[in-house]
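Using the hints provided, position chain X with the ligand relative to the given structure of chain W.
First to last, the protein sequences are chains W and X.
Each residue of the first sequence is one higher than the one before, counting from 0 in numbering that gives the first Met the number 0.
Each residue of the second sequence is one higher than the one before, counting from 0 in numbering that gives the first Met the number 0.
Just so you know, these hints were derived from the structure itself, not from any lab.
The beta-carbon is built from N, C-alpha and C at its ideal position, and this holds for glycine as well.
A portion of the hints provided could be inaccurate.
[As the list claims (entries may be wrong)] Derived contacts from chain X toward chain W, CB cut-off under 10 Å, selection only: (1) L30; (2) F31; (3) G123.
[Unchecked claim] Now the stretches of chain X that chain W is said to cover, found in silico as 3 or more residues with beta-carbon under 8 Å: (4) 44–56; (5) 68–78; (6) 136–144; (7) 158–164; (8) 176–186; (9) 206–216; (10) 247–257.
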Amino acid sequence: MNAQLSNAGADFRREDGAQPPSLFPPYASTVERSPREPLLRIPQTPTEQSGPGEWEALFGAQVTDLTCTRGAPALGQRIIVCGQVLDEDRRPVARTLIEMWQANAAGRYAHERDQWDAPLDPNFSGAGRVVTDEQGRYRYTTVRPGAYPWGNHYNAWRPAHIHLSLMGPAFATRLVTQMYFPDDPLIEIDPIANAVPRAYRQRMVAHFDINITQPSYALGYRFDIVLRGRAATPLRAGI
Amino acid sequence: MDTGQHSAPAPEPRSDSAAVAARADNQTPGLFGQTPWQTVGPFFHFGLPWDGCADLTGPSQTGGRPDLMPTGYAALRGPERSRAAPPMGERLQLTGYVFDAQGRPVPDVLLEIWQANASGYYRGSGFVGRGSASIDEDFFGFGRAATAEDGSFCFRTIRPGRVHFKAAAGALQSPHIALGVLGRGLLKRLTTRIYFDDEPSNAEDPILGLVPAHRRATLMAQRIDATATGAAGPSTDTRAHYRFDVRLQGERETVFFDY
Ligand SMILES: [Fe+3]
Numbered sequence: 000m001n002a003q004l005s006n007a008g009a010d011f012r013r014e015d016g017a018q019p020p021s022l023f024p025p026y027a028s029t030v031e032r033s034p035r036e037p038l039l040r041i042p043q044t045p046t047e048q049s050g051p052g053e054w055e056a057l058f059g060a061q062v063t064d065l066t067c068t069r070g071a072p073a074l075g076q077r078i079i080v081c082g083q084v085l086d087e088d089r090r091p092v093a094r095t096l097i098e099m100w101q102a103n104a105a106g107r108y109a110h111e112r113d114q115w116d117a118p119l120d121p122n123f124s125g126a127g128r129v130v131t132d133e134q135g136r137y138r139y140t141t142v143r144p145g146a147y148p149w150g151n152h153y154n155a156w157r158p159a160h161i162h163l164s165l166m167g168p169a170f171a172t173r174l175v176t177q178m179y180f181p182d183d184p185l186i187e188i189d190p191i192a193n194a195v196p197r198a199y200r201q202r203m204v205a206h207f208d209i210n211i212t213q214p215s216y217a218l219g220y221r222f223d224i225v226l227r228g229r230a231a232t233p234l235r236a237g238i
Numbered sequence: 000m001d002t003g004q005h006s007a008p009a010p011e012p013r014s015d016s017a018a019v020a021a022r023a024d025n026q027t028p029g030l031f032g033q034t035p036w037q038t039v040g041p042f043f044h045f046g047l048p049w050d051g052c053a054d055l056t057g058p059s060q061t062g063g064r065p066d067l068m069p070t071g072y073a074a075l076r077g078p079e080r081s082r083a084a085p086p087m088g089e090r091l092q093l094t095g096y097v098f099d100a101q102g103r104p105v106p107d108v109l110l111e112i113w114q115a116n117a118s119g120y121y122r123g124s125g126f127v128g129r130g131s132a133s134i135d136e137d138f139f140g141f142g143r144a145a146t147a148e149d150g151s152f153c154f155r156t157i158r159p160g161r162v163h164f165k166a167a168a169g170a171l172q173s174p175h176i177a178l179g180v181l182g183r184g185l186l187k188r189l190t191t192r193i194y195f196d197d198e199p200s201n202a203e204d205p206i207l208g209l210v211p212a213h214r215r216a217t218l219m220a221q222r223i224d225a226t227a228t229g230a231a232g233p234s235t236d237t238r239a240h241y242r243f244d245v246r247l248q249g250e251r252e253t254v255f256f257d258y
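Next comes chain W alone, as it looks inside the complex (with noise of 0.2 Å):
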């Protein structure tokens, strides 16, 4: 019953053109963190191959209602996200950790290095995680985040987003990612969402859903993540 066993032993495969290069000049951090050497191309081996399970075990319980972890609900327009977690032929990644982190409605982390002029809300922590089910499915309740200033160049601000960090079944197929928001103006001019090229950037926005939104409760998103999968055929590398 489970597609991936079929494939079992195969290859992940590669990254393909919607990943963004590590070195893109208009995010400027980039320019003094990027290796200059290429990558060095190595066979997936187990290590690669191989990843943690045993999500709560190892990471801690799920957290998917960030609105009410302190007591007192956040504020904010509250959201709902859910989606699946998928691999690129469609299968579900089940029982994989999705881990979330974000700023508050009013653009401000609770962190001690982002010190702009916005309220810090003593209801609102920002930072959630849920394990998929069997269909790759999940789900968590949070506030949408405000935009946010940065330093990058003059009158720089990202647009709205959540940081998405996802283990998948192996060490190969870690992805860090952010959902953006519809709408969003401040997408077209983020240096980080546009290192990604165009033809794929808009993988990275929510769909606004009127079927998730709840009545008098929030408002729905959708947002499927699409993981490396094992090639259709084993691979049998010969070196």
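The following block gives chain X with the ligand in isolation, referenced to the frame of chain W:
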């Protein structure tokens, strides 16, 4: 480029203009495929590291940056774990620094490690290993460490056993730890490996054999005298100490992999 978008359910995609392309989203047919990487940014500390995440051998509060949490806030809580006994294997302490192109320490990097247990067994999902008899209940094999203000990090773990080069059988790899480097200014993860400079089997390791000889040293943790570790840990600690630095760019740039 603002196209005056509205908040109605996204329309069916049309293929006639850049304006329509700009309003495409995650659910647009034809856009399906790998989700792009984005940087973890500078503020991951309250979401990703947990108390003790850099110690794979027992409960100690290493790996996170509680100093970066505002008064009254804390990082996401880690696991309830009460290890009765440390995992099997030779205990190691792995310390080092992350440097940028100018040789400056990088204070906002997150390192992730993944390794086999002392028997050469990878625990977890996608398991490939050398027999279920070698499961070590006390050892998960995954850890994280956020660099400190001085760019330093410290993992506590055990020396991994040798694992196969391919899942089925055949050649063994030299003991190594997979390392992922994430951080502000890193749009996507950089991956490398930590080997140990005093392992005779390095000479026959199939991955090291692919690395140009003059760059192999960048993958070698150097065994160091425990008395020379400074702030790395308590002086009473009996574990073997190794030093491994990550150089993101420039002189002695670390070899990073693509796989
Ligand atoms: Fe951010």
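Right, here's what the structure says about each hint:
1. L30: holds, 6 Å
2. F31: holds, 7 Å
3. G123: holds, 4 Å
4. 44–56: Satisfied; 5 residues make the cut.
5. 68–78: holds (count 10)
6. 136–144: holds (count 3)
7. 158–164: The restraint on the region 158–164 of chain X holds, since 3 of its residues have a Cβ under 8 Å from chain W and three suffice.
8. 176–186: As far as the region 176–186 of chain X goes, the hint holds, because 8 residues have Cβ atoms under 8 Å from chain W.
9. 206–216: Check passed, 4 qualifying residues.
10. 247–257: holds (count 9)
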